[in-house]
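K.L.:
Starting from the given sequences, assemble the full structure and let the hints guide the process.
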Amino acid sequence: MECAFDAQNLISISLRKIQSSRTQRGGIKLHKNLLVTYVLRNARQFYMSKNSLQTQRRPPCEDAAVVRGRQEYLELSSSFTELADDFYCNFTGVESDTWHCGAHQPSAQPTELARQDASACAMVPSDSDLMVAEACWSCADKSSWELPIPNTQANQKTVLDLDTHVVTTVTNGYFHSDCCAQPKQPQAGAHCYTGKRKMDTSYYIVDPEFYLPDLVPVPFKRMRSEDEDDGDLQSDSEQLESSNISNLISVLGSGGLSEFVSWQQMDLEQIFGSQTICLKQTLLAGSGWTRAIEAF
Amino acid sequence: MAGKRKLSERPGGGSGDVQWCFSQVKGAMDDDVAEADIISTVEFNHTGELLATGDKGGRVVIFQQEPESKNQPQCRGEYNVYSTFQSHEPEFDYLKSLEIEEKINKIRWLPQKNAAQFLLSTNDKTIKLWKISERDKRPEGYNLKEEDGRYRDPNTVTTLRVPVLRPMDLMVEASPRRVFANAHTYHINSISVNSDHETYLSADDLRINLWHLEITDRSFNIVDIKPANMEELTEVITAAEFHPDQCNTFVYSSSKGTIRLCDMRASALCDQHAKLFEEPEDPNNRSFFSEIISSISDVKFSHSGRYMMTRDYLSVKIWDLNMETRPVETYQVHEYLRSKLCSLYENDCIFDKFECCWNGNDSVVMTGSYNNFFRMFDRDYRQDVTFEASRENSKPRSVLKPRKISTGGKRKKDEISVDSLDFNKKILHTAWHPLDNIIAVATTNNLYIFQDKIN
Chain V
1 MECAFDAQNL
11 ISISLRKIQS
21 SRTQRGGIKL
31 HKNLLVTYVL
41 RNARQFYMSK
51 NSLQTQRRPP
61 CEDAAVVRGR
71 QEYLELSSSF
81 TELADDFYCN
91 FTGVESDTWH
101 CGAHQPSAQP
111 TELARQDASA
121 CAMVPSDSDL
131 MVAEACWSCA
141 DKSSWELPIP
151 NTQANQKTVL
161 DLDTHVVTTV
171 TNGYFHSDCC
181 AQPKQPQAGA
191 HCYTGKRKMD
201 TSYYIVDPEF
211 YLPDLVPVPF
221 KRMRSEDEDD
231 GDLQSDSEQL
241 ESSNISNLIS
251 VLGSGGLSEF
261 VSWQQMDLEQ
271 IFGSQTICLK
281 QTLLAGSGWT
291 RAIEAF
Chain E
297 MAGKRKLSER
307 PGGGSGDVQW
317 CFSQVKGAMD
327 DDVAEADIIS
337 TVEFNHTGEL
347 LATGDKGGRV
357 VIFQQEPESK
367 NQPQCRGEYN
377 VYSTFQSHEP
387 EFDYLKSLEI
397 EEKINKIRWL
407 PQKNAAQFLL
417 STNDKTIKLW
427 KISERDKRPE
437 GYNLKEEDGR
447 YRDPNTVTTL
457 RVPVLRPMDL
467 MVEASPRRVF
477 ANAHTYHINS
487 ISVNSDHETY
497 LSADDLRINL
507 WHLEITDRSF
517 NIVDIKPANM
527 EELTEVITAA
537 EFHPDQCNTF
547 VYSSSKGTIR
557 LCDMRASALC
567 DQHAKLFEEP
577 EDPNNRSFFS
587 EIISSISDVK
597 FSHSGRYMMT
607 RDYLSVKIWD
617 LNMETRPVET
627 YQVHEYLRSK
637 LCSLYENDCI
647 FDKFECCWNG
657 NDSVVMTGSY
667 NNFFRMFDRD
677 YRQDVTFEAS
687 RENSKPRSVL
697 KPRKISTGGK
707 RKKDEISVDS
717 LDFNKKILHT
727 AWHPLDNIIA
737 VATTNNLYIF
747 QDKIN
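So the sequence lines, in the order shown, correspond to chains V and E.
Position 123 of the first sequence, counting from 1, maps to 123 under this note's numbering, and the rest follow consecutively.
For this note's numbering, count along the second sequence from 1 and bump the result up by 296.
Treat the hints as calculated values from the structure; they're not laboratory data.
Yeah, the Cβ is synthetic: ideal placement off N, Cα and C, and Gly gets one too.
It cannot be assumed that every hint is accurate.
Only pairs whose alpha carbons sit at most 30 Å apart, straight line, appear in this in silico DSSO-like list of lysine-lysine [what the hints assert, rightly or not]:
1) K352/E - K322/E
2) K352/E - K424/E
3) K17/V - K427/E
4) K29/V - K708/E
5) K721/E - K706/E
6) K749/E - K17/V
7) K322/E - K424/E
8) K571/E - K322/E
9) K708/E - K17/V
10) K552/E - K709/E
11) K571/E - K17/V
12) K322/E - K697/E
13) K29/V - K697/E
14) K17/V - K29/V
15) K721/E - K322/E
16) K722/E - K709/E
17) K722/E - K29/V
18) K749/E - K29/V
19) K352/E - K721/E
20) K722/E - K691/E
21) K352/E - K709/E
22) K691/E - K17/V
23) K700/E - K722/E
24) K29/V - K706/E
25) K17/V - K352/E
26) K29/V - K352/E
27) K552/E - K17/V
28) K29/V - K700/E
29) K352/E - K649/E
30) K706/E - K352/E
31) K29/V - K424/E
32) K649/E - K571/E
33) K29/V - K409/E
34) K552/E - K649/E
35) K392/E - K409/E
36) K709/E - K721/E
37) K352/E - K441/E
Which stretches of chain E does chain V cover? Using the computed rule of at least three CB atoms under 8 Å from a CB of chain V, they are [as the list claims (entries may be wrong)]:
38) 674 to 684
39) 713 to 722
40) 725 to 736
P.N.:
Okay, structure coming up:
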């Protein structure tokens, strides 16, 4: 339990680091953020596996208070889990069957992870900071990796694209445009991620926040009028990067992680009303330059 | 070179028979460190006469070694300030609304061809070629100009004379001769001058470009690891260097702990490596931070060109270019930090990029650590030693006392416990004189110079 909580800590610390990197002088450090996402992935994997194990091992008869505590813990945990899930899966277009991309791995993956046997946990003899107990990193138990993740229901989030002012709903990694903040905005979101990405059996870091498009214009146009040629659909990976950046920012917002957890329950009007979220200012300003500031 | 002891005259020339002494310290003594004064790179030139430092404020300070005194032939000359100039200024990328830091990431000297010295300095985006030249004479007796530079009325010129050069106080001038810009989207981490003395490479997180020193408006991209889909990005380039002798060969290291050796003769784009150096991960050491600590922060060829050295967070590894499967030597720099990785992750220290360097005859390697410690590893004698760069040990010619870190149990006298290490005091940049036992060690904002004791 303590190790799972430490994994949660790592997840929140990692996301804070990524959040703060956006305001660092000199721009986002690609190398550092890549490494942070590795930690995020590892912590998330561990946390999800522990969660599954605990769910399985729950004793039949328990004290009500203990059960309540565990439920609260799981709720808190699940918010962090969702946070990590969103971080990975929302902005990569990962296929729905790999929604729980951090924990579910194809058959090839456990082979790699099986190298991490239980003795790996003994790496840190005494530091309580580092999730030392032998139960922590018992990746040798392959079955734990194959267990279904508890939160398997469809996950929907409202995402505001800062560049196009299009509000979309993300369902299991797919974007569907719901409505637009401005008129004459067709359902361009449906055009995104039309191509299914091939499942990569090796771990990859998928933080679009790190994308620094080479020469992408700041006001990236995702929506088109109906008259436009279909061939103008964005196929440029750099434009995709920009949309990913926009989406990530719209979800993470500027209010920090505490806002993110509660974000999913807020509808768009509440989002606009929040003083701590500068998206409103961005929308009202409609300035590409301001948008770029938000992005980076 | 009277009084100059060559490394080849000493067996090994390494830490086994060397007593290191404090020589000089440069920089402010204040505990309050201005961010602009933080040293970001240190580099000796090819003769060791000049020592350049770059800082976060974009300045370059060059120290010159004084000639040895005839009165004290056994004493090496001190390093004094030779030139100071502002290399880079902060810039703003209006397209991306990004500020570009002026911090000097790397300095590399060019081999000297004439009286002037040349160096390359780079920040995150732009590389500059600087010419440092001396002026100790000035012309006097112009016909059309007064001594103060004002032009004379030609009607007042009644005689002609030949201007003559007269001695003046030595003036060192630094002038930018070339600016190599707009070639890197990502942050430049390395520059390396080729052995042909005509080209050099610059590396950022995802690409390596080849430049000609005379041509600033174009460069050749020789490595590009940017994936078509950035979501598939798994590693970045962390360092790159040309081979010291083979002008067609260079290496680059990655955040995954691999080193790729490339041959530019094979193809124009060296995405396919000629050799891949990688050591399998020890599964017993697997942790949340395995990827971070395996990321290579520096790679350096030996002077001989047969070996290369890599630095990751906890260790230094020596690789034989003829063996790709594992390093031939591995030295643990501060293994006691393995149990502290979580804390180091929280305070960002785990992302520190330590550099490493070889001594002149490749028998000793050196790298920095925390608490202003730096470590030397003697490859011949298989010895290692830890020293501290501190003002307390800065009496002239005082011998450095080896430091020991207590890793557990009872702490012996004079040992320092791991918990009392100061992680804000770190030595990231070190340099070794190419021909002599003189080292330059940069703490946060001070430059320490140590040399071996001359008996």
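K.L.:
If a hint holds in the structure, say so; if it doesn't, say that too.
P.N.:
Status of the hints after comparison with the structure:
1. K352/E - K322/E: 16 Å, holds
2. K352/E - K424/E: It holds: about 16 Å lies between the C-alpha atoms, which stays within 30 Å.
3. K17/V - K427/E: 40 Å, violated
4. K29/V - K708/E: 42 Å, violated
5. K721/E - K706/E: 25 Å, holds
6. K749/E - K17/V: Since the Cα atoms of K749/E and K17/V sit roughly 46 Å apart, the hinted pair is violated (cutoff 30 Å).
7. K322/E - K424/E: The hint holds at about 25 Å.
8. K571/E - K322/E: It is violated: about 42 Å lies between the C-alpha atoms, which goes past 30 Å.
9. K708/E - K17/V: Violated, at about 38 Å.
10. K552/E - K709/E: With Cα atoms ~40 Å apart, K552/E and K709/E exceed 30 Å; violated.
11. K571/E - K17/V: 35 Å, violated
12. K322/E - K697/E: Distance of about 21 Å is within 30 Å: holds.
13. K29/V - K697/E: 38 Å, violated
14. K17/V - K29/V: 11 Å, holds
15. K721/E - K322/E: 16 Å, holds
16. K722/E - K709/E: Holds, because 23 Å separates the two Cα atoms, which is no more than 30 Å.
17. K722/E - K29/V: 21 Å, holds
18. K749/E - K29/V: Roughly 43 Å separates the two Cα atoms, so the pair is violated.
19. K352/E - K721/E: Between K352/E and K721/E the Cα gap is close to 16 Å, so the pair holds against 30 Å.
20. K722/E - K691/E: 21 Å, holds
21. K352/E - K709/E: 38 Å, violated
22. K691/E - K17/V: 42 Å, violated
23. K700/E - K722/E: 16 Å, holds
24. K29/V - K706/E: At roughly 41 Å apart (the allowed maximum being 30 Å), K706/E and K29/V break the hint.
25. K17/V - K352/E: Given pair K17/V, K352/E holds - Cα atoms ~22 Å apart, limit 30 Å.
26. K29/V - K352/E: 16 Å, holds
27. K552/E - K17/V: Given pair K552/E, K17/V holds - Cα atoms ~20 Å apart, limit 30 Å.
28. K29/V - K700/E: Roughly 35 Å separates the two Cα atoms, so the pair is violated.
29. K352/E - K649/E: With Cα atoms ~15 Å apart, K352/E and K649/E stay inside 30 Å; holds.
30. K706/E - K352/E: Given that 30 Å is the threshold and the Cα spacing comes to 41 Å, the pair is violated.
31. K29/V - K424/E: 22 Å, holds
32. K649/E - K571/E: Roughly 24 Å between the alpha carbons, so the hint for K649/E and K571/E holds.
33. K29/V - K409/E: 37 Å, violated
34. K552/E - K649/E: Distance ~14 Å between K552/E and K649/E Cα, so the pair holds.
35. K392/E - K409/E: Violated, at roughly 40 Å.
36. K709/E - K721/E: 22 Å, holds
37. K352/E - K441/E: 42 Å, violated
38. 674 to 684: violated (count 0)
39. 713 to 722: violated (count 0)
40. 725 to 736: violated (count 0)
Checked against the numbered hints given earlier, the structure breaks hints 3, 4, 6, 8, 9, 10, 11, 13, 18, 21, 22, 24, 28, 30, 33, 35, 37, 38, 39, 40 and satisfies all the rest.
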